[in-house]
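Taken in sequence, the protein lines are chains A and B. When we follow our numbering, the leftmost residue of the first sequence carries the number 1, and every step to the right adds one. When we follow our numbering, the leftmost residue of the second sequence carries the number 1001, and every step to the right adds one.
What the hints contain is simulated information worked out from the structure, not anything from laboratory work. Glycine included, C-beta positions come from ideal geometry on N, C-alpha and C. Any given hint could turn out to be false.
Label-pair ranges, simulated between beta-carbon atoms [said to hold, decoys possible]:
#1 1119/B x 291/A: 51 to 61 Å
#2 362/A x 1065/B: 37 to 47 Å
#3 1424/B x 292/A: 25 to 35 Å
#4 1115/B x 37/A: 25 to 35 Å
#5 1330/B x 386/A: 19 to 29 Å
#6 37/A x 1017/B: 50 to 60 Å
#7 83/A x 1246/B: 42 to 52 Å
#8 1062/B x 215/A: 28 to 38 Å
#9 1188/B x 83/A: 31 to 41 Å
#10 139/A x 1090/B: 24 to 34 Å
#11 388/A x 1478/B: 54 to 64 Å
#12 83/A x 1421/B: 22 to 32 Å
#13 1421/B x 292/A: 28 to 38 Å
#14 376/A x 1131/B: 21 to 31 Å
Here are some chain A residues the structure puts well away from chain B; computed CB gaps all over 10 Å [said to hold, decoys possible]:
#15 11
#16 17
#17 43
#18 245
#19 312
#20 326
#21 376
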Amino acid sequence: MAQLDTREKLAILADAAKYDASCASSGTAKRDSKGGKGLGSTEGMGICHAYAPDGRCISLLKILLTNSCIFDCHYCINRKSSNVRRARFTAQEVVQLTLAFYKRNYIEGLFLSSGIIKSSNYTMEQLVEVARSLREDHDFRGYIHLKTIPDADPELVRLAGLHADRVSINVELPTVSGLEKLAPEKSAPQIEGAMLGMKGAIEDGKDARKKYKSAPNFAPAGQSTQMIVGADKATDGDIVTKASTLYDRFSLRRVYYSAFSPIPDASAVLPLQRPPLMREHRLYQSDWLMRFYGFKPAEVVQAAGDDGMLPLDIDPKLAWALKFREHFPVDVNRAPREMLLRIPGLGTKAVDRLIRSRRHRRFTLDDVARLTVSIAKIRPFIVTADWRPTLLTDRADLRTLVAPKVSQLELFAA
Amino acid sequence: MTLDRPDDFDGWREAARELIGAGVPPMSVVWQVAGDDGELFGSEGALPPGGGGQPMFSVPKPFIDLAKAAVCHSDPQRFALLYALLWKLKGNRRALEDRADPLVDRLEKLAKEVRRDAHKMHAFVRFREVAEENGTRFVAFFEPDHHIVRREAGFFARRFASMRWSILTPELSIHWAPETQTLCEGPGATRADAPDGDPLEETWRTYYSSIFNPARLKIGAMLKEMPKKYWRNMPETSLVAPLIAGARARELEMIERSANNFGAEAAVKAERQLQTGGNLRASWEALMAEARGCTRCDLHCNATQTVFGEGPLDACILFVGEQPGDQEDVAGRPFVGPAGQLFDAALEKAGIDRTQTYVTNAVKHFKFVLRGKKRIHSKPDTAEIDACRWWQEQERALIRPPLTVALGATAARSLTGKTLTISRAREAPLTLADGSECWVTVHPSFLLRIPEEDRRAEERAKFVEDLTRIRARAKELAS
Ligand code: SF4
Chain A
1 MAQLDTREKL AILADAAKYD ASCASSGTAK RDSKGGKGLG STEGMGICHA
51 YAPDGRCISL LKILLTNSCI FDCHYCINRK SSNVRRARFT AQEVVQLTLA
101 FYKRNYIEGL FLSSGIIKSS NYTMEQLVEV ARSLREDHDF RGYIHLKTIP
151 DADPELVRLA GLHADRVSIN VELPTVSGLE KLAPEKSAPQ IEGAMLGMKG
201 AIEDGKDARK KYKSAPNFAP AGQSTQMIVG ADKATDGDIV TKASTLYDRF
251 SLRRVYYSAF SPIPDASAVL PLQRPPLMRE HRLYQSDWLM RFYGFKPAEV
301 VQAAGDDGML PLDIDPKLAW ALKFREHFPV DVNRAPREML LRIPGLGTKA
351 VDRLIRSRRH RRFTLDDVAR LTVSIAKIRP FIVTADWRPT LLTDRADLRT
401 LVAPKVSQLE LFAA
Chain B
1001 MTLDRPDDFD GWREAARELI GAGVPPMSVV WQVAGDDGEL FGSEGALPPG
1051 GGGQPMFSVP KPFIDLAKAA VCHSDPQRFA LLYALLWKLK GNRRALEDRA
1101 DPLVDRLEKL AKEVRRDAHK MHAFVRFREV AEENGTRFVA FFEPDHHIVR
1151 REAGFFARRF ASMRWSILTP ELSIHWAPET QTLCEGPGAT RADAPDGDPL
1201 EETWRTYYSS IFNPARLKIG AMLKEMPKKY WRNMPETSLV APLIAGARAR
1251 ELEMIERSAN NFGAEAAVKA ERQLQTGGNL RASWEALMAE ARGCTRCDLH
1301 CNATQTVFGE GPLDACILFV GEQPGDQEDV AGRPFVGPAG QLFDAALEKA
1351 GIDRTQTYVT NAVKHFKFVL RGKKRIHSKP DTAEIDACRW WQEQERALIR
1401 PPLTVALGAT AARSLTGKTL TISRAREAPL TLADGSECWV TVHPSFLLRI
1451 PEEDRRAEER AKFVEDLTRI RARAKELAS
């Protein structure tokens, strides 16, 4: 085979990374290169430097070190039995590419993952070498996210955490049976064991920082994971429940969902269906409900239909409100924060503003309208100084009244 | 009051402090920026006598943050609005907490737009490397909406402290000297002043097109975050149009290649079904329900009901007719009248099972003129076709047929947005916006209207011929 140049490799190895949903570059320690040393900065909030026509943000150089793999996971395009074109970067090539892109302000940093070659440890060593070289040889201060290999030597995983802002280990599939069927060489206990180890290391790192200022910052942006949605039979209810236990047990920063996409040369085990992208979106929304709106996982599951799936035409918060109408309407001038957060169409920011403002005025419908995007959607669920829905919450057709046109558009476009 | 620069926060603060001290109410102050057109009625700096006697008051910190952002806005009212708010704060220290106050709301919005513009600057500035005598310089050209360049220079200084860089904008340019770690300002620039390329851009474009997943096209989401006004100075954006155009084909290719592994037909069908928890059906039903209440054009006023399309949602062929006729309007189903019967007969001859196809109309309400008691069909006009097109597009987006057939000119207009001559267009397939194939043929009611018997027979045979070709092609596409 002829030698591939960097650009050809990039085409193959970025293409192979496009199924990965995670991209965030936020929430890490604040750093910069003031004083003229090193390159780069992180200011807490990550920056999306471009958007692809699939609507996803490009924040990091997201690539694989290699798309060769000794494993044969059915959902994965890089599995051993797939006949995609293979390529492999050297650690130095990745380093150079990252620096060159970074200097032109194309990216926030690097997100590096890899197929497994030779052995888990060998692969992990290579990933760590990229991060080490960026940090030590080039004094790179941008963002680094490394995907660790679950059964690699804990010492290597520790090194990864030392250089990277974020580490992640994919749980791959929401159910153990799905994992067994589609990724026979991976095991849930092994993956979760690695997450537990990482959680411990991150906590130790934080403790050490409290005691000694000079202690290295260990994975300051924490750990995350990703699951593939729609490749097995798991329902949204299953997925939400699984995600919430992951958050609890491993103190994850984020759980990403990646709608299974048809991949070239798919394995015959897979159902060749594409789940609607809207499903992925609804799962993210349910994630927000739990993380920011005080919903318990069980409540999100209640918002799902009898088949365990969240409705696609309306968001899960609205679905919950329509199911539990007895909690509405909510008096915006009196209700506690927890209840305000349950009002469909009212975001956390709007709620905070509302609470601050209502010390100064009795809210009318117009006042609320100024704080929100769509008053029409909210109206049936609230009471204000000049408005009380006339039993609107009992109307059987409430759903059609409030289901927003835009979300239907989204749905049909998905 | 005249301020030195459009983003002169310190100048504004200084002036505002004095004015407040002198008890000058907001109404009597005119704010302007040096170099802008002079205000007719302003009398510069003439504070009322006896000013300065009022005790100073301290403003809450959030106000300073708000003001620092809002002064950078391009809205000429910004200084006056800020002063009005300051005035209000004097009377009520907590006035800022009342977000529902229109003045607070307006200023918060200005500040938000400035922050958004700043964020986009952090994201969309693209440096190009140029060789200079003493090393290299990274130069970018950027066009912000507001006066944010000075405010945001610090971000780039912190990030690229060891690089020599310049950011050129129409209003001013900012240069960073790594040796002294200082910024200096220069005059505004045009794009022609910036270098016009960088060898690395091709590599970056390779990355951009490779990381895009064609199976997940979401153009609206992209445009929302990356508005077109920024595109001009970003090397990757010239790829957007070709990537979108090729997406459907690439996705189908991905599926087809998978399909080779285990039964082509099943794979394509499964992909097209898009079914999770019966959602496709639910979406379609919701769509139909919504169409029942459609008032996009006036046709709904007189017609009996919306006649929506029907057929299996995984159909390989989708037929688009013109609009319901008298009988369809009453029955609420497409193609049941005389033209429908002719259509059925022709389909049968061509070997197409109508129950396996999806049949709909370009316009969903019956348009007619009353002649006595009779309702005489009348052609929908372009505005009506274009209004109703939305429904047809939604139907197609759900069903995603590999092959769509336009029956007649109205359907062709609805599908392509262009006015076509049927006799010419029926020879070869067109490509629709989503990359799928569209065949054009006549509308069955045209065949009903031909008076001469021999020509009628000839045209009918031609129609069956078209349908036969379509059937063969649909089969090809499905395998
Ligand atoms: S003809 Fe079409 S656009 Fe006009 S009202 Fe009927 S459904 Fe709506």
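**OP:** Give me the numbers of the hints this structure contradicts, sorted from smallest to largest.
**Re:** 1, 2, 3, 5, 6, 7, 9, 10, 12, 13, 14, 15, 16, 17, 19
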